[in-house]
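J.: Sequence:
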Amino acid sequence: MSLWTAILVAAAIAFGLKLAGHLVPAHLLDAPRVRRITAALPIALLAALVATQAFTGPGGSFVLDARAAAVAVAVVALLLRAPFIVVVVLGAATAAVLRALGWA
1 MSLWTAILVA
11 AAIAFGLKLA
21 GHLVPAHLLD
31 APRVRRITAA
41 LPIALLAALV
51 ATQAFTGPGG
61 SFVLDARAAA
71 VAVAVVALLL
81 RAPFIVVVVL
91 GAATAAVLRA
101 LGWA
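Per our numbering, numbering through the sequence shown is continuous, rising by one, with the last residue being 104.
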């Protein structure tokens, strides 16, 4: 399969999923369980993206480097209820300092 074929197939699948979402009856979407699950999906997806970016290296290998330390600092800042911009700055500063010290 060529790259363009894969892109077109992925686009068709995405379109089909969006269309299917509009065809689902409203009473099925109003159930409390469905609402809880759909509210938690973005959180789970973001957590998966952060974990993938912070703990994987080339080829999908597990690594502990400055990114992992930056995530740990950000988690501590979040637990201390720091504002979001402070969390981002602390995480970025942690990664920058550790990389400057040679811990890539």
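Simulated from the structure, these hints should not be mistaken for lab results. A virtual CB, placed ideally from N, CA and C, is assigned to each residue, including glycine. A portion of the hints provided could be inaccurate.
What the hints assert, rightly or not - Pair ranges (Cβ atoms, derived):
id, residue 1, residue 2, range
1, Phe-15, Ala-68, 33 to 39 Å
2, Gly-21, Gly-102, 18 to 24 Å
3, Ala-12, Gly-59, 43 to 49 Å
4, His-22, Val-75, 21 to 27 Å
5, His-27, Val-75, 23 to 29 Å
6, Ala-48, Val-76, 19 to 25 Å
7, Ala-39, Val-88, 44 to 50 Å
8, Ala-92, Ala-31, 37 to 43 Å
9, Leu-28, Ala-92, 38 to 44 Å
J.: Can you name, in rising order, the numbers of the hints this structure does not satisfy?
T.: Per hint list: 2, 3, 4, 5, 7 violated.
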